[in-house]
Amino acid sequence: MINSITEPVPPLRQDIEAFVIEVEQEEMVALRDPLGIARDMLVFHPSAYEIMRLFNGDVTVQDVLKLIAESTGDHIQPEHLLKMIRELDAHKFLLSPGFIQAFREEVERFQNQRVRTAFLAGDAYPEQMEECRKFIAEFFAGAGETRASFAATGIVAPHIDLRVGGKVYVPAFNSIKHGEFDTVIVLGTSHYSDEDFFILCEKDFETPLGTVQADRRLIQRIREKAYPDLTRSEFAHRNEHSIEFPVLFLKYLFGLESPPIVPVLCTSLQDAIDEERSPGEFPEFQSFTRAVRESLDELGRKPVFIISVDWSHIGKKFGDMTPAADMLDRVRKSDLNQLEAVARCDAEAFHALVVKNRNRTRIDGYSCLQAYFEIAHPRRGEILQYEQWHEIERESAVTFASLAFR
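Number 407 marks the last residue of the sequence shown (my numbering); no jumps.
Heads up, none of these hints are tricks.
Below, computed lysine to aspartate or glutamate pairings styled on EDC-like, alpha-carbon distance capped at 20 Å: (1) LYS317 x ASP16; (2) LYS226 x GLU295; (3) LYS168 x ASP124.
None of these hints come from the bench; they were simulated from the model. Values in this document were obtained by computation on a predicted structure and should not be read as measured data.
Let the hints inform the model, and build the full structure from the sequences given.
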């Protein structure tokens with residue numbers, strides 16, 4: 002328990018999500034742990050949140066009390082501040098020995114599991130089988146039979162909250178519903194780790210509709226040809242929705258006939274953008290994409306690719322000074338220019354467009370798409386649907402789309 006007012010307070014974890022909610026007609030700040038080490042949210046008055054943002058690992062309780070007194074004239078009792086610190090620590094929101102131990106235990110537990118559990122079941126979608134099947138079926142009923150004009154061997158689908166963009170998933174998945182393939186390579190945006198260019202997972206994936214098997218033979222062959230550390234950061238898959246959501250749609254579509262999957266998380270490749278370099282100039286990128294191509298050929302696999310990405314992230318929630326409402330029309334034009342380059346399967350043009358504005362709109366699909374182009378060499382694409390989700394109350398927006406390739 003943290004009792005000292007003269008020793009540095011453990012820092013507030015940098016990955017903790019903070020967002021404004023309304024409680025009894027008053028704005029409050031809610032804190033949530035995206036890693037899920039702590040499942041409960043904590044809610045604080047905005048003034049308390051401003052105080053805890055001072056916890057950087059160097060300041061003590063005495064330091065904070067002095068800063069408050071100097072800036073506001075308020076004199077807070079040390080015990081009141083210690084109570085807040087203890088609550089944060091108990092919920093593992095501070096980078097303290099308690100959190101580090103809990104994190105290590107979670108990593109070990111995940112590593113020992115053969116099956117990756119459905120982390121977001123009961124939250125982003127129903128956890129009971131029939132309720133979940135009905136939930137997904139409503140998206141397909143609402144979107145009808147919209148699909149590409151050809152049998153797709155690769156699709157782009159969003160990973161945005163299903164309750165927001167579920168209908169945009171449908172045209173993409175309809176485009177592979179009658180395809181002939183024996184493995185599915187899912188390239189999803191990595192939101193929780195940037196340690197490696199690519200992060201493989203060898204676990205089966207659980208869904209409320211049943212378990213989808215991992216293509217372990219193909220995964221092992223890729224590891225042998227690329228580098229064994231491809232699963233070093235496997236824990237990043239534990240609560241990653243960019244893989245979980247498309248796997249749920251696969252299981253809904255194919256049921257007992259669901260083909261095995263190769264789940265791959267792709268990190269940002271921001272260096273390629275900042276340095277104006279082709280992704281192929283990076284040895285890790287080249288090694289992985291070559292290993293996938295060669296492994297597919299050697300094992301005689303017929304793959305379909307799912308690229309699980311959203312598009313632009315704009316507005317105050319994402320660090321812009323301008324509210325999203327003032328940017329939506331301009332971003333739509335920029336997005337469609339980029340998506341048209343992607344649909345032409347012109348990786349160089351897409352790269353040039355992203356580099357031109359240093360990915361100012363924070364497209365999270367750049368690395369996944371560049372990897373797909375390098376592995377599969379698609380010849381033709383089709384934009385199926387494009388949407389913008391405007392969070393008016395947070396003055397922010399996310400854009401997303403579905404596409405198909407052959």
